[in-house]
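Enquirer: Residue numbers (the working numbering), protein chains in the order written: chain S, 1 to 240; chain C, 1 to 240; chain E, 1 to 240; chain L, 1 to 240.
Treat the hints with care, since some could be wrong.
Put simply, identical chains are the same to the list, so a pair is met inside one copy or across any two.
To be verified - Dumping the calculated DSSO-like pairs for lysine-lysine here, alpha-carbon to alpha-carbon at most 30 Å:
{"no.": "1", "residue 1": "K228", "residue 2": "K6"}
{"no.": "2", "residue 1": "K78", "residue 2": "K18"}
{"no.": "3", "residue 1": "K228", "residue 2": "K132"}
{"no.": "4", "residue 1": "K6", "residue 2": "K76"}
{"no.": "5", "residue 1": "K15", "residue 2": "K138"}
{"no.": "6", "residue 1": "K18", "residue 2": "K138"}
I should point out that these hints are in silico values taken from the structure, not numbers from a laboratory.
Protein chains: 4
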Amino acid sequence: MKQDIKNIVEYSNNKRSKFFGLFIQFLIILSVITFSLETLPNLSAENRQLLNAIEIFCVIVFSIEYILRIYVAERKFKFIFSFFGLIDLFAILPFYLSFGIDLRSLRLLRLLRLFRLLKLVRYNRAMLQFTKAMLMSKEQIILFMGVTLILIYFSAVGIYYFENEAQPEHFSSIFDSLWWAIITLTTVGYGDVYPITIGGRMFTFFILLIGLGIVAIPTGIISSSLTKVVEEEPENSFKK
Amino acid sequence: MKQDIKNIVEYSNNKRSKFFGLFIQFLIILSVITFSLETLPNLSAENRQLLNAIEIFCVIVFSIEYILRIYVAERKFKFIFSFFGLIDLFAILPFYLSFGIDLRSLRLLRLLRLFRLLKLVRYNRAMLQFTKAMLMSKEQIILFMGVTLILIYFSAVGIYYFENEAQPEHFSSIFDSLWWAIITLTTVGYGDVYPITIGGRMFTFFILLIGLGIVAIPTGIISSSLTKVVEEEPENSFKK
Amino acid sequence: MKQDIKNIVEYSNNKRSKFFGLFIQFLIILSVITFSLETLPNLSAENRQLLNAIEIFCVIVFSIEYILRIYVAERKFKFIFSFFGLIDLFAILPFYLSFGIDLRSLRLLRLLRLFRLLKLVRYNRAMLQFTKAMLMSKEQIILFMGVTLILIYFSAVGIYYFENEAQPEHFSSIFDSLWWAIITLTTVGYGDVYPITIGGRMFTFFILLIGLGIVAIPTGIISSSLTKVVEEEPENSFKK
Amino acid sequence: MKQDIKNIVEYSNNKRSKFFGLFIQFLIILSVITFSLETLPNLSAENRQLLNAIEIFCVIVFSIEYILRIYVAERKFKFIFSFFGLIDLFAILPFYLSFGIDLRSLRLLRLLRLFRLLKLVRYNRAMLQFTKAMLMSKEQIILFMGVTLILIYFSAVGIYYFENEAQPEHFSSIFDSLWWAIITLTTVGYGDVYPITIGGRMFTFFILLIGLGIVAIPTGIISSSLTKVVEEEPENSFKK
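Let the sequences and hints guide you as you build the complete structure.
Expert: Rendered as structure tokens:
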């Protein structure tokens with residue numbers, strides 16, 4: 001019987017295991033939607049009760065799943081402290097913790113419920129490929145992230161010296177200028193802060209011509225690593 | 001004679017078929033322009049009549065084309081329920097449906113007229129290549145679209161906790177925050193909602209550095225699939 | 001002597017020809033700066049006279065260059081009606097045309113002076129490579145430009161139906177919506193028009209996830225063509 | 001003993017050298033944070049004194065490092081006028097210069113302290129790879145930077161003629177229009193200036209469809225050069 005449960009709970013190729021996986025995934029999505037709906041400002045007491053009921057149901061199922069996973073694991077302590085074991089625990093912990101605690105700290109505990117979303121990783125091959133690609137070129141990503149950060153910092157210092165006098169409310173310190181630098185160099189450009197002096201505009205012109213190529217490098221590294229990871233995998237691993 | 005019509009109506013390499021194809025394409029474009037002009041708010045009665053006349057003419061030609069296509073098809077039912085058969089039907093159906101119906105629902109029926117634009121696909125090799133490229137890496141696109149959606153959701157939850165108190169009108173719930181997340185991570189950055197707290201800005205900083213690489217992945221997959229599809233096709237298929 | 005002039009005027013590898021080329025390039029840049037400065041709103045009469053003097057000097061040199069080029073050309077008519085021959089003519093024509101004409105149409109004639117910038121093409125290897133890359137994948141660029149335009153049109157129609165009632169001043173017709181569609185799908189996002197209804201925002205969400213990959217395709221085609229063109233050229237062609 | 005200091009100061013593989021390197025890097029980061037904090041507008045006298053103390057400590061360590069580097073260098077003059085020698089000098093010079101000078105010019109001297117950030121280059125392999133990649137395709141980057149600048153200028157002139165009359169405050173001259181052109185073609189789109197006339201919007205539509213591909217070319221060249229540089233390096237150079 002233990003083998004039976006193991007075949008269902010742990011990801012394998014039989015029908016019951018797939019149904020179980022889909023059911024858990026459905027509950028994760030449901031739980032996430034519930035979590036989102038609870039943040040709506042004008043929620044009636046009835047709806048709030050319904051959302052609570054769904055939440056309790058999800059936690060019960062997740063708890064049973066967690067216990068079963070421990071039950072079927074060969075080396076129980078290894079599972080409990082493994083990456084997925086901890087995620088499964090964190091997905092239900094906030095609910096049990098919130099019983100004996102006053103309401104103030106509830107808000108932050110609710111946030112922990114989002115760990116459930118990480119449970120999806122177990123079922124999402126893309127997420128595993130992505131993690132593999134990140135690890136493959138970890139050092140390069142860190143190194144060029146460093147270059148990007150230096151560029152952003154230089155841009156912030158530059159614009160601070162050009163715009164501080166003209167717009168002391170938007171460029172009051174280098175920390176404020178850093179906000180401008182990240183929003184500009186990623187080309188988001190909200191338009192809440194922008195240079196108005198001629199010097200500041202020419203500096204922006206220059207930084208944009210130089211900088212876009214640099215900011216795009218980490219993106220390029222991730223993409224090319226990912227392509228390698230995907231190509232290395234056997235073709236049929238994407239067929240069901 | 002049936003063979004003659006078939007040679008003209010179905011895409012082949014003789015001159016009359018090409019002329020027919022260009023004529024239908026011209027009518028599709030004309031029909032789309034008519035459709036756009038009808039939405040102009042201050043249209044005189046005369047112009048409206050003219051647009052109506054063009055619309056009727058287009059529908060008549062498309063109807064004749066549809067009947068001829070059924071006439072020349074070997075297996076008529078297969079054509080009628082094929083992708084292009086249904087598009088040809090939907091391109092004329094809204095016009096005939098709008099006769100017996102009151103004016104309210106007309107608005108939505110008008111929208112169905114846009115199916116005509118899909119008729120262009122029949123004549124557009126690029127569209128076919130693009131469809132082929134999408135199908136080729138369908139599973140990967142879906143998987144990474146999932147990763148992108150999870151990232152967008154995490155960003156929305158994060159910014160909600162940072163900005164909800166400071167700007168309850170813009171970040172009133174996670175659903176509102178999702179709007180911010182998609183507009184920021186695609187670097188559109190309208191500037192209608194943006195973080196103002198230090199925590200929210202640092203979170204945006206972090207999310208942008210991490211997220212741009214992830215959001216760009218589905219785009220990269222489509223591009224590289226397309227390159228493969230284009231290269232596989234014989235060179236001369238682009239010559240006319 | 002004709003051979004001597006030919007060696008100087010036409011691009012060749014001797015020193016005098018290179019000096020001549022640099023001198024003409026300098027005059028083109030000078031002429032463009034003059035052109036820009038003339039648009040400054042509060043220009044003193046003195047400065048305006050100075051700019052005029054520079055302009056006359058440039059036109060005289062360009063005229064001499066044009067006459068010399070005709071003089072040294074083997075087949076004079078072929079040169080006059082060649083691409084570069086016409087550009088050389090258009091670079092000086094506006095000046096001579098503006099003598100006998102009243103002031104109103106001057107504005108448009110001034111614009112023609114910008115043809116001078118195209119003279120730079122003659123000296124710019126990158127521009128030639130770029131033109132070659134464009135011609136190489138001309139058909140594909142046109143085809144996918146078509147797909148991009150269809151996507152932009154669909155987006156415009158969709159947002160029109162969602163936002164027209166809520167914001168009739170910004171989305172008054174499909175033509176206004178087209179402005180929104182191009183600014184959003186290129187991720188410029190000025191923030192002058194953006195959806196405010198839930199339907200419109202969800203539509204934008206959907207269109208951005210799908211659309212960014214498509215809009216990026218023509219860019220990708222140009223880039224990969226260019227890489228091929230650059231690689232095909234002998235390495236030493238970039239050394240001077 | 002000189003050899004001992006040399007082994008520590010110059011980048012080598014023993015433990016003491018690595019610790020020394022990390023210590024200097026830490027001081028650079030500390031110095032940069034101090035520099036940023038000093039720009040905060042409402043700083044108490046106490047905090048200002050603390051920041052000054054840290055700054056003096058950093059300068060002393062950097063000065064000792066500089067003297068040691070000269071001491072261990074084989075050819076002292078060559079080191080002093082080398083790239084890294086000058087950076088090490090400029091990193092401490094502003095501090096010593098600011099003693100005998102009145103407070104006004106201090107602001108600019110403070111800016112020179114940022115040269116310290118360049119000291120990080122010595123320890124950052126990514127920065128060296130990036131510099132190598134830039135040098136490798138220097139000529140191409142300059143050539144296509146030229147094409148990009150011509151495109152930006154054309155866009156600025158075009159929008160000037162369309163929008164100058166409608167918005168004389170935003171598009172008062174071609175120089176103002178250049179600001180619009182760079183912000184639009186890099187897709188930053190702050191939203192401080194945007195076209196409002198139909199002609200200007202159609203021109204923007206056209207320029208964006210054509211221009212995004214061109215502006216992306218220098219970025220593409222840097223990325224592909226970098227990929228080559230990274231691949232050429234022996235794999236183990238990234239392992240420690």
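Enquirer: If a hint holds in the structure, say so; if it does not, say that too.
Expert: Each hint tested on the structure:
{"no.": "1", "hint": "K228 to K6", "verdict": "neither (33 Å within a copy, 42 Å between copies)"}
{"no.": "2", "hint": "K78 to K18", "verdict": "within (25 Å within a copy, 36 Å between copies)"}
{"no.": "3", "hint": "K228 to K132", "verdict": "both (10 Å within a copy, 22 Å between copies)"}
{"no.": "4", "hint": "K6 to K76", "verdict": "within (13 Å within a copy, 53 Å between copies)"}
{"no.": "5", "hint": "K15 to K138", "verdict": "between (37 Å within a copy, 23 Å between copies)"}
{"no.": "6", "hint": "K18 to K138", "verdict": "between (33 Å within a copy, 21 Å between copies)"}
Comparing the model with each numbered hint stated earlier shows that hint 1 is the single one that does not hold.
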